[in-house]
Amino acid sequence: MRERLTEWVAYYNHQRYHESLENVRPADAYWGLQEQIVAEPVIAA
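Residue numbers (our numbering): 1 to 45.
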């Protein structure tokens, strides 16, 4: 159970984009990368 919860928290904070954070990940917002990510979006080919 603990391992699955740890995996979910890692996914939630490091992989999942959050609409309330302007579609950046919580870890990126925490480390102050939110403005850079929003200003320089990556466009997929």
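By construction, these hints were calculated from the structure, which means they are not laboratory data.
Note that beta-carbon positions come from the ideal geometry of N, C-alpha and C, so glycine has one too.
A hint or two may mislead.
To be verified - Distance ranges between label pairs, derived from CB positions: (1) N13 <-> A39: 27 to 37 Å; (2) E3 <-> I43: 30 to 40 Å; (3) R4 <-> A39: 27 to 37 Å; (4) R2 <-> A27: 36 to 46 Å; (5) M1 <-> Y30: 31 to 41 Å.
Task: Structure versus earlier hints, numbers of those that do not hold, lowest first - done: Hints 1, 4, 5 are the ones this structure does not satisfy, whereas the remaining hints hold.
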